[in-house]
Structures are given as structure tokens and as C-alpha cells.
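Q: The task is simple: from the sequences and hints, build the whole structure.
Now for the letters of each chain:
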Amino acid sequence: MSEPMGFFTDTTVCIGCKACEVACKEWNQLPAENGGVRELSGDSYDNTRKLDGIHWRHVRFIEQFKGPYDGRWLMMSDVCKHCVQAGCLEVCPTGAIIRTQFDTVVIQSDVCNGCRACIAACPFGVIDINPVSGTAQKCTLCYDRLQVGLEPACSKACPTDSIQFGAIAELRTRAEKRVAQLKSQGVAAELYGASPTGPLGGLNSFYLLVDKPEVYGLPRHPELPTANLAKSGGLSMASAAVLGLLAIVGLRKRRMDEQGRGGPGNV
Amino acid sequence: MSDTFFSGAPHWTWLIILYFFVGGIAGGASFLAAVLDWFGGPEDRPVARSGYNVAAVGAIVSGALLTIDLGRPLRFWHMLFQSANLPAVMFKGWSPISFGAWAILAFGLFSVLAALGGMAEEGRLHNPTLRAVGGAVHGGLAKLVGAVAGLLGIFIAGYTGVLLSVTNRPIWADGPWLGALFLASGVSTGTAALILLGRRRGATEQALARLSAFDTKALVVELLVLVLFVASLGSLNKVWVSFWGLILLVGVVAFGILAPLWLHLQRRPVASAARLVLLGGFLLRLATIFASEGIERYRVTAGM
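Protein chains in written order, with the numbering used here: chain A, 1 to 267; chain B, 1 to 304.
Because the hints were derived from the structure by calculation, they are not lab data.
Heads up, a few of these hints could be off.
[To be verified] So the derived label-pair ranges between C-beta atoms look like this:
1. A/252 to B/13: 40 to 50 angstroms
2. B/242 to A/26: 37 to 47 angstroms
3. A/148 to B/243: 50 to 60 angstroms
Here a beta-carbon is modelled for each residue, glycine too, at the ideal position from N, C-alpha and C.
A: Structure (C-alpha cells):
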């Protein structure tokens, strides 16, 4: 197994050019939406709006304006987090979702049957169906490029190095230095998903944020979907036991009563 | 705000809602048929036979609905076998959708066998092969097959709710009660289906009265679990201030649970109550699925 690889996205230097989105679309030959005739969102300069089966990269625009001269733009190039403990991989019933030698998470399109369990399992809302293939799709962290020693298309195209690709250990060191630098300048910078002891065992695509995770559309405490399995399964079994007992006791009691009255139970 | 609001909707809509409804009825009917077989009297046998018939048809319809709903229906078998490593089995014991796929297959097999046994008993099988298979399922073996079908049935009725809980979606994953709720609803709708069918299949008035008495208890359990489910959502209950909340309150609670309970207690004709229970069971799935499906990640993030 190779060293774990991934992305460190420094949102403070993202300029919202969407070159990463375009590079991703081009390299992965992702189709245009609605035959290329896109409806404008109408309330933002961002017209892609979200990650889905044909948008594996998405630059989120967050406008924070208290008044005409008091505000800021936050921009974040969002992508699959390639979780160390991946919910999608955990629930996938076909084995289509695999962990690669680079510790990334990839959906094999020729195995996926489009059941969509992974979509609901992902705490980040990354995965969706690609209408052309009929299968669930998301960022592969350019698995094909990685296998021949190339950098993923998005980070290669990023003109400000907001998206940095590399070995996770090295990226973490770089990210911590950048946080310290920003904090020394009075910026409230925090890393999201960088800690291997954090939620989901850490994210192989982690972020430097300057506001709460929720502002960027990221859950504060992402969980594996199976966190509910034992409790939900246990309560279902308890409910089955109660109903089973009610059925057995009730049916037998009534039958006994009818037999006592000489009803059909005596037949 | 719950962290579940940042996940994406899986587009489980009408076909899945229908599957949850049909699967619940089939599972509940099979469970009740097995209980009647083991703990009832000879006069309950027509109802038990109907139960296995409902289970068999429901299992086949469920499989068809699930297959049609896939993005690539011809790859349905990828859930059962490793497509790149045949004949290795594909099974994840911790993934409800994975063990559910095997459970539906096994439920289909055992409920069809139990149904064939019942049909052979009634002399309704004309195909020699089916008659031979149905004829073999009698006596002790029939009871055993029925017991397995019943156990698998109660599993099918409940696992659909567990499947929804084992996600990261709003409502579904925000409380642990959905499996228990779907299970109770599956049993009440399965019983209602047997009340409606039993009449045509020669069930005695006493047998129908017993079913009706049990359905009353199942409805009370369902109502209690529904209250616990809603209570477990806490502040998230604001999602019910919507059309789907109205469906849950009026369609499920008022028409689907309280009205049939009242009819049962008033000893009114059982068929009317049974129809209402079926309506309530369908609306329960409709409201819980669509209330969550309607919450889109980017809309929430954008504050829309």
C-alpha cells in the first residue's frame, strides 16, 4: 500500500475561479447538465450549487454581508472527503465502493447498480447518481492519474494552490503551519477533518476554514451511518417481541374462551 | 441544526415507498400466519393460508419494485454475488440494504413454499410440478416452513425502518424508532390485509374477530412507537410543519390509527377499520420518506 494521499484545501486563498470544477469535468469526461443549457441560480454567482453525480468538484460561494460596505466572500472548493472511515463504503451492498492503495475511496462504476444507499450514507452529501451511467458517482481523487504518478486534475489546475495535493502526513504539517501563520495575523483559522483522532478517523481531503463548519455546508460531527444500527435494530427486535407475545397470548386466550363457551374452538 | 441536514437525498421515492408498504404487509401477514399456524386452531388455517399467499405475492412484488428502482436494474444480482469474483457471495452483516437483499430472497423462497403448501391443501394447484412441491410442504414441514417465513416476515417488516435509520438523512437517522415503527405498522397492515382477504377465503366470524382484536393491540403499539419516534426527534420536529406533517397527523394518526381503533372498540364492521389501517400504513411511509427527501443539502446550507 502506498502512503495515504489526499487534498488540503486552504479556503483563504480560493478566488472562486472554478478552474478545478472545469478541470475535473474535462479529465473525467463528465457530462453537462441539461444538454449544456444551464439555468442560472438567480441568487448567487454560483450556478453549480452542489456536488452531485456530474459535479465532482464544486466551488461554494458564501456571501456574508451585514451592509453594503461591511462583508466578505468565503469560497471553498468542495469535494469528496475520502474519509478514513467511509460511510458510503460501509453500506454499499454491491462492493462497488473500494478503498484504494492510496487510502482514497472510489466507486467502481461497472459494479454499482444504482441502489443509492451510499448517497444517504454520506454525511457530506457528496455522492449522487450520474444520469448517463445510472450509477452513483463522485470524485475518485483521479485514481487513474495517481496510478501513473500524476497529480489530480483539480489541484493541478488550481491557480492559487488553494487545493494542495500530496501525502496526508506532509499536508497536515503544512496545514498546521498555515493555521499558525493566519492566527498570528489575527485570523480565526481552524482545520476541519485534519485530525486522525477526529470524526471518521480523519478526512483525506481536509480544509482550513475561517468560520464555523456549518457556514461552509459541513457537518460539525459527521458520523458513520451504522452509528444507529444497534439501537434501531434492538428496538425493532423489542417491538417484534412485544407484538409476538401479544399475538400469541391474545389469540390463545380468545381461543380458550371460545372453547369454554363451546364455540368453534371445540371443533 | 442536526448534522443530518448536510447529507444528500437518495431519491428513494414512489417505488421505494410502495416497496416499504407492500413489504410491510407481506411481512406482517406472514408473521401472523405463522403465529396462527403454531398457536391457533384448525379454524384459523384458512386465514393462515391467506397470510402465506399475501406474503408470497408481496415478496415477489417487493423484489420487482426494488429491481425496477435501481439505476441499473440488470445488475440487481450484484447485491447477492460479487460481480467480479463469481460465485463469491456479496454480504455485509452491518449494512441493512445488504442483509435485506438476502432476507427478501429467503423470505420469497419460504413464503412461496408455504403458500404452495396451503394451495395444495385447498386443491388449487393444477400444474403437476407445483402440486408436487406444494404437496411436499405439509404437516410438520409446513409448520417449519411457515415458522421460517414468519420470522423472515417480521424481519422484512422492520428492517426497512432500520435501513432508513442507518443513513445520515434528516428524520430517518435522527432517532432510533423508525425500525420499530415500520415493524408495528407492517404487523397492523398485514393483519388488516388478512381481515379483508379472510372474509373471501372462508374465515369464520370468530377467526376474524380474533384478528380484529389483535389489530387493535398492534395499532396501540404502533401509536405508542409513533409518539416515541416523534419525541425522539426533539427540536427537529419543526420539519413536520409542512404538508407531510399534516399527512402524518391527519392521515396516519387520525385516519390510520385512531379511527380504526375507535371502529374496533365500537365493534363496527371490521372491513372498514382494516381499509383505514391500510391507508394509514401507506401514508406513514409516504410522510416519513418525503419529509426527509424534501430536505436538500444545498438549500439548507444556502439558508433557503
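Q: Does each hint fit the structure? Answer for all of them.
A: Here is what the structure says about each hint:
| no. | hint | verdict |
| --- | --- | --- |
| 1 | A/252 to B/13: 40 to 50 angstroms | 42 angstroms, holds |
| 2 | B/242 to A/26: 37 to 47 angstroms | 41 angstroms, holds |
| 3 | A/148 to B/243: 50 to 60 angstroms | 52 angstroms, holds |
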